[in-house]
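Colleague: Given next are the chains, with one letter for each unit.
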Amino acid sequence: MQFSQPVVNEFAITAATVNGSGSQTANMVLMRAIFLMGIPVSGKNLFPSNIQGEPTWYTLRVSQAGYTARPAETPILVAFNPRTADEDLAQLPPGGICLYPADGPWQPRRADIMPFALPVRQIVDQVGVSQRLRTYAANMVYVGALAALLGIEDEALVKAVNYQFRGKPSAIDLNLAVIRAARAWAASEPSPAHGRFRVSRMQSTTGMMLIDGNTAAAIGAIMGGVGVVAWYPITPSSSLIESLESYLPRLRPSDDGATCAIVQAEDEIAALGIVIGAGWAGARAMTATSGPGISLMTEFAGLGFFAEIPAVIWDIQRVGPSTGLPTRTAQSDLLSVYYLGHGDTRHVVLLPGSMEECFSDAQLAFDLAEQLQTPVFVLSDLDLGMNIWMSQPFRYPEQPMQRGKVLSAEDLARLSSYARFADVDGDGIGYRTLPGNPHPLAATLSRGTGHNERNMYSERPEDWQRNMARLWRKHETARRLVPRPVIDLNPQATVGLIGFGSTAPAIEEARDLLAAAGIVTSSMRVRALPAGPEVTDFIARHQHCIVIEQNHDGQLRQLLQLHCPTYATRLGSVAWCDGWPLTAPFVRDQVVMSLEQMRELTPVIR
Amino acid sequence: MTQQTINAIGLTKADYRGAPSTLCAGCGHDSVASQIIAAAFELSLQPHTVIRMSGIGCSSKSAAYFLGRSHGFNSLHGRMPSVTTGAHLANHTLRPLAVSGDGDTASIGLGQFIHLLRRNVPIVYIVENNGVYGLTKGQFSATADEGQELKHAGINQLPPIDVCAEAILAGCGFVARSFAGDAKQVRELIKAAFNFHGAAVIDVISPCVTFNNHDRSTKSYTYGKTYESPLHDISFIPHYEEVSIEYEPGEVRDVQLHDGPVIRLRKLNRDHDPSDRLAALALLEQARAANEFVTGLIYFNERRPTLAEIFRIGPTPIAALPESRLRPTREAFARVMADLVNGE
Numbered sequence: 286m287q288f289s290q291p292v293v294n295e296f297a298i299t300a301a302t303v304n305g306s307g308s309q310t311a312n313m314v315l316m317r318a319i320f321l322m323g324i325p326v327s328g329k330n331l332f333p334s335n336i337q338g339e340p341t342w343y344t345l346r347v348s349q350a351g352y353t354a355r356p357a358e359t360p361i362l363v364a365f366n367p368r369t370a371d372e373d374l375a376q377l378p379p380g381g382i383c384l385y386p387a388d389g390p391w392q393p394r395r396a397d398i399m400p401f402a403l404p405v406r407q408i409v410d411q412v413g414v415s416q417r418l419r420t421y422a423a424n425m426v427y428v429g430a431l432a433a434l435l436g437i438e439d440e441a442l443v444k445a446v447n448y449q450f451r452g453k454p455s456a457i458d459l460n461l462a463v464i465r466a467a468r469a470w471a472a473s474e475p476s477p478a479h480g481r482f483r484v485s486r487m488q489s490t491t492g493m494m495l496i497d498g499n500t501a502a503a504i505g506a507i508m509g510g511v512g513v514v515a516w517y518p519i520t521p522s523s524s525l526i527e528s529l530e531s532y533l534p535r536l537r538p539s540d541d542g543a544t545c546a547i548v549q550a551e552d553e554i555a556a557l558g559i560v561i562g563a564g565w566a567g568a569r570a571m572t573a574t575s576g577p578g579i580s581l582m583t584e585f586a587g588l589g590f591f592a593e594i595p596a597v598i599w600d601i602q603r604v605g606p607s608t609g610l611p612t613r614t615a616q617s618d619l620l621s622v623y624y625l626g627h628g629d630t631r632h633v634v635l636l637p638g639s640m641e642e643c644f645s646d647a648q649l650a651f652d653l654a655e656q657l658q659t660p661v662f663v664l665s666d667l668d669l670g671m672n673i674w675m676s677q678p679f680r681y682p683e684q685p686m687q688r689g690k691v692l693s694a695e696d697l698a699r700l701s702s703y704a705r706f707a708d709v710d711g712d713g714i715g716y717r718t719l720p721g722n723p724h725p726l727a728a729t730l731s732r733g734t735g736h737n738e739r740n741m742y743s744e745r746p747e748d749w750q751r752n753m754a755r756l757w758r759k760h761e762t763a764r765r766l767v768p769r770p771v772i773d774l775n776p777q778a779t780v781g782l783i784g785f786g787s788t789a790p791a792i793e794e795a796r797d798l799l800a801a802a803g804i805v806t807s808s809m810r811v812r813a814l815p816a817g818p819e820v821t822d823f824i825a826r827h828q829h830c831i832v833i834e835q836n837h838d839g840q841l842r843q844l845l846q847l848h849c850p851t852y853a854t855r856l857g858s859v860a861w862c863d864g865w866p867l868t869a870p871f872v873r874d875q876v877v878m879s880l881e882q883m884r885e886l887t888p889v890i891r
Numbered sequence: 005m006t007q008q009t010i011n012a013i014g015l016t017k018a019d020y021r022g023a024p025s026t027l028c029a030g031c032g033h034d035s036v037a038s039q040i041i042a043a044a045f046e047l048s049l050q051p052h053t054v055i056r057m058s059g060i061g062c063s064s065k066s067a068a069y070f071l072g073r074s075h076g077f078n079s080l081h082g083r084m085p086s087v088t089t090g091a092h093l094a095n096h097t098l099r100p101l102a103v104s105g106d107g108d109t110a111s112i113g114l115g116q117f118i119h120l121l122r123r124n125v126p127i128v129y130i131v132e133n134n135g136v137y138g139l140t141k142g143q144f145s146a147t148a149d150e151g152q153e154l155k156h157a158g159i160n161q162l163p164p165i166d167v168c169a170e171a172i173l174a175g176c177g178f179v180a181r182s183f184a185g186d187a188k189q190v191r192e193l194i195k196a197a198f199n200f201h202g203a204a205v206i207d208v209i210s211p212c213v214t215f216n217n218h219d220r221s222t223k224s225y226t227y228g229k230t231y232e233s234p235l236h237d238i239s240f241i242p243h244y245e246e247v248s249i250e251y252e253p254g255e256v257r258d259v260q261l262h263d264g265p266v267i268r269l270r271k272l273n274r275d276h277d278p279s280d281r282l283a284a285l286a287l288l289e290q291a292r293a294a295n296e297f298v299t300g301l302i303y304f305n306e307r308r309p310t311l312a313e314i315f316r317i318g319p320t321p322i323a324a325l326p327e328s329r330l331r332p333t334r335e336a337f338a339r340v341m342a343d344l345v346n347g348e
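Order-wise, the sequence lines are chains A and B. Take any residue in the first sequence, note its place counting from 1, add 285, and you have its number in my numbering. Take any residue in the second sequence, note its place counting from 1, add 4, and you have its number in my numbering.
Keep in mind the hints are simulated off the structure, nothing from the lab. One should not assume that every hint holds.
[Stated by the list, open to error] Computed spacing ranges between beta-carbons, pair by pair:
id, chain 1, residue 1, chain 2, residue 2, range
1, A, A754, B, G115, 33 to 39 angstroms
2, A, P518, B, G318, 25 to 31 angstroms
3, A, D863, B, L173, 45 to 51 angstroms
4, A, Q687, B, A23, 32 to 38 angstroms
[To be verified] Sample of chain A residues facing chain B (criterion: CB under 7 angstroms; computed from the structure):
id, residue
5, Y448
6, T520
7, R537
8, D541
9, A543
10, T544
11, I561
12, G689
13, P723
14, L726
15, A728
16, L756
Think of the CB as a built atom: it goes at the ideal place given N, C-alpha and C, for glycine as much as any other residue.
Can you make the complete structure from the sequences, with help from the hints?
Modeller: Here it is in structure tokens:
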């Protein structure tokens with residue numbers, strides 16, 4: 286095979302391995318080493334709902350252009366799982382490289398690719414890895430081989446291994462030894478695979494970090510003053526709480542007593558119950574869960590909305606309905622979360638789409654929950670929450686916490702009367718008193734039952750109606766307070782692409798692909814519900830808008846059609862959910878198809 | 005002791021009252037509510053240091069009918085324990101007083117009830133137990149005795165859940181049973197429970213006059229008055245009162261509470277050692293087998309730490325921590341960021 290030019294800094298690697306074998310550590314070393322060479326990277330972990338022995342894939346994208354969506358094609362395959370190797374090989378484009386264990390049961394049988402057999406056992410023996418660690422060390426063999434083929438610098442590998450095995454000198458030595466031995470062996474092995482794909486030092490990642498959204502959210506929550514956390518383990522949200530547990534002692538001293546209590550509850554019902562109780566008593570309280578947990582939290586969400594109790598609920602979305610695909614990503618809880626609860630319930634929902642937003646929304650959610658005295662949901666997903674992303678370091682919050690309208694005993698002493706739900710300021714938000722406030726006027730009995738302004742039980746129609754009207758006013762206040770959409774307006778564009786959350790990289794890359802095909806677009810990333818006037822304005826400015834989202838029913842599109850019914854027919858839909866993050870070529874093709882359909886159905890009169 | 009109209013903090017009994025009850029005339033829950041009021045008055049509780057917690061049901065409604073100057077939360081059916089757990093963690097200086105029913109505790113809320121006790125949230129948890137659903141008009145609850153008959157529901161053929169036995173097994177250190185018709189015992193138990201360091205459960209058989217007060221009911225006034233078999237005569241003795249009466253040896257058992265007060269148990273029909281967990285369970289089992297209605301302090305163990313102690317929460321409640329303690333310093337934050345960027 287003849288190739289004229291090596292591909293530099295714009296390719297992807299898929300490592301197909303067996304879960305529980307330690308391959309994720311190897312993938313992290315590889316990713317970080319390339320990142321440390323200043324080259325933009327992103328990774329997608331496709332893992333099974335299983336502890337050990339099932340197939341898992343890690344796709345590492347290297348992109349000097351800075352694209353971070355899941356790549357549509359990966360020209361380098363690490364085929365370390367014989368069970369899936371045939372299928373994996375079939376995905377490899379012509380001219381691709383297939384690394385595989387020479388001593389395993391499988392060999393690639395394709396003439397149009399470059400096979401590269403790795404003597405895994407021989408290298409591991411040569412380094413003298415103990416029997417116990419052989420399986421784990423074996424994965425470092427492909428890291429070393431790729432270092433040779435791609436030209437990953439030794440200094441970057443050393444730093445990456447040191448980061449990955451912090452505080453474990455023997456593990457650092459052992460893994461580096463395996464990587465170096467494999468690299469030396471691969472460097473001297475004649476193969477056309479050499480130099481086909483190369484990494485070359487850049488300056489694009491200087492000062493940046495690699496982080497996942499759940500860690501970003503945990504650090505944000507600590508900065509935002511979290512005081513009580515209650516949770517029940519569920520993929521893909523558990524690592525958010527585990528990050529809280531790991532970062533709390535590093536960020537907040539507890540010499541004078543704990544500043545945060547983290548309770549593993551007996552289920553998600555109790556988890557939100559504890560959060561509601563803590564929010565009622567004045568602490569900043571949160572939980573993190575995923576779809577099935579959201580279902581269980583429904584009744585408490587309605588109570589929180591109606592009794593007007595601050596709470597923060599992170600939903601790290603996965604694929605549903607029911608247990609669904611617990612380890613795959615989706616954006617399919619949008620409708621259920623917005624309206625979670627029976628009766629006329631609607632909530633404030635934040636929609637982060639980057640690591641910085643996971644961090645800042647974690648703080649903002651507490652501010653909004655206390656300002657609006659209501660549960661605030663943050664919708665992340667498995668792709669944002671568990672995958673590793675590049676990010677600038679987060680900024681220290683410069684604004685004080687917004688603790689909302691709370692009357693102290695001294696405040697009450699200046700008042701002649703007090704009614705919990707009186708709309709004194711016209712924004713639908715009453716004044717709270719916290720339990721423990723000694724003023725005789727302070728005490729009320731919070732309740733989910735019908736109540737009047739004084740929070741006394743009431744079945745009177747006018748009390749009910751007035752209260753619901755005030756809650757609607759409060760929702761309008763929320764509309765003004767939540768983050769504005771992120772809009773990139775192109776004055777030439779007649780087409781607008783709309784999305785939210787983790788699909789942003791695929792949509793942004795698709796816009797470049799569309800532009801190359803002559804379709805100029807604007808884009809809007811919705812950052813929160815309820816949607817504001819900017820959202821209507823964006824839709825009004827474009828002849829066609831395509832709402833791109835990872836669910837089956839086009840949930841954001843449905844909400845936007847309700848939000849601005851005048852423009853409902855301008856909204857096309859690319860709604861796709863198969864558990865895998867979207868790719869840019871897929872989005873491009875779907876947008877083109879959707880536009881063709883819309884132009885046939887609703888011709889634009891010029 | 006003479007009847008005082010003003011207590012040690014200058015409040016009258018009226019200051020501990022709530023809204024007028026809307027329960028049926030003669031409801032056992034109203035008797036319990038008046039004993040809560042009396043106990044709080046006699047203990048000179050600061051109303052703002054108590055929180056009234058309840059779920060859903062007749063009993064839970066009654067949270068509105070006492071301690072009107074205390075904050076409270078009438079929450080969800082069977083979920084009051086989790087709300088109380090959260091409130092305790094946010095502000096452990098507040099003392100939760102909870103009223104619940106047999107449906108709220110033993111049916112829909114059994115899981116939360118047990119986990120609350122397992123976590124030892126310091127709560128005074130009163131179960132107003134009448135074996136029947138009132139607000140939904142006369143269905144059996146999980147504490148209805150086998151063979152019990154209700155007008156519409158027919159005959160209950162399932163064994164009852166024993167709230168006290170469940171509480172002991174869950175690790176609760178203060179487990180008592182009483183009868184709404186035995187006002188003094190209810191009151192003394194509530195006073196003792198308020199001074200207990202940990203979760204305290206009082207299962208009060210509290211007749212439902214509308215749906216379950218008929219002659220063959222084991223949760224009726226007649227049954228209670230006829231068959232109640234108190235283990236002991238209970239007196240709560242605050243630490244500031246001198247004990248003057250002389251008793252015969254073996255006649256009295258004093259249970260010392262951590263802050264100094266004493267629960268004085270004067271033996272009646274039998275000798276029961278409430279510090280013996282197995283004896284407590286055996287007592288409940290024997291009473292069940294013999295159809296006996298045993299009341300009194302069944303189990304007592306004050307050794308477990310509370311949830312706030314397990315979490316090492318300091319003297320300042322989490323809810324009252326200033327921003328300076330809730331938000332990390334610039335230096336701590338910078339270190340974490342540097343670590344993420346450089347791995348150092």
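Colleague: Does each hint fit the structure? Answer for all of them.
Modeller: Hints versus structure:
1. Distance hint check: the CB atoms of A754 of chain A and G115 of chain B are about 37 angstroms apart, consistent with the given range 33 to 39 angstroms.
2. One distance hint, 25 to 31 angstroms for the beta-carbon pair P518 of chain A and G318 of chain B, holds here, with the actual separation near 28 angstroms.
3. The hinted window of 45 to 51 angstroms between D863 of chain A and L173 of chain B holds, with their beta carbons roughly 47 angstroms apart.
4. Between Q687 of chain A and A23 of chain B, the C-beta spacing of about 34 angstroms keeps the proposed range 32 to 38 angstroms intact.
5. For the restraint placing Y448 of chain A at the interface with chain B, the shortest Cβ-Cβ distance is roughly 4 angstroms, inside the 7 angstroms limit, so the hint holds.
6. For the restraint placing T520 of chain A at the interface with chain B, the shortest Cβ-Cβ distance is roughly 23 angstroms, beyond the 7 angstroms limit, so the hint is violated.
7. With its C-beta approaching chain B no nearer than about 5 angstroms, R537 of chain A sits inside the 7 angstroms limit, and its interface hint holds.
8. The restraint placing D541 of chain A at the interface with chain B holds, with a minimum CB-CB distance near 5 angstroms, inside the 7 angstroms limit.
9. With a least beta-carbon distance of about 5 angstroms to chain B, the hint placing A543 of chain A at the interface is held under the 7 angstroms criterion.
10. The interface hint given for T544 of chain A is met, as the beta carbon of that residue sits about 6 angstroms from the closest beta carbon of chain B, less than 7 angstroms.
11. Of the supplied interface hints, the one on I561 of chain A holds, with its beta-carbon coming within about 6 angstroms of a beta-carbon of chain B, less than 7 angstroms.
12. Annotation: interface hint on G689 of chain A violated; nearest CB of chain B at approximately 13 angstroms, more than 7 angstroms.
13. Because the closest C-beta pair between P723 of chain A and chain B is about 4 angstroms apart, less than 7 angstroms, the hint holds.
14. Because the smallest distance between the Cβ of L726 of chain A and any Cβ of chain B comes to about 9 angstroms, over 7 angstroms, the interface hint for this residue is violated.
15. Here the hint on A728 of chain A is kept, as its CB sits about 5 angstroms from the closest CB of chain B, short of 7 angstroms.
16. With 7 angstroms as the threshold, the beta carbon of L756 of chain A stays out of range of chain B, its nearest partner Cβ sitting at about 19 angstroms, so the hint is violated.
Violated hints for the displayed structure, listed by number in ascending order: 6, 12, 14 and 16.
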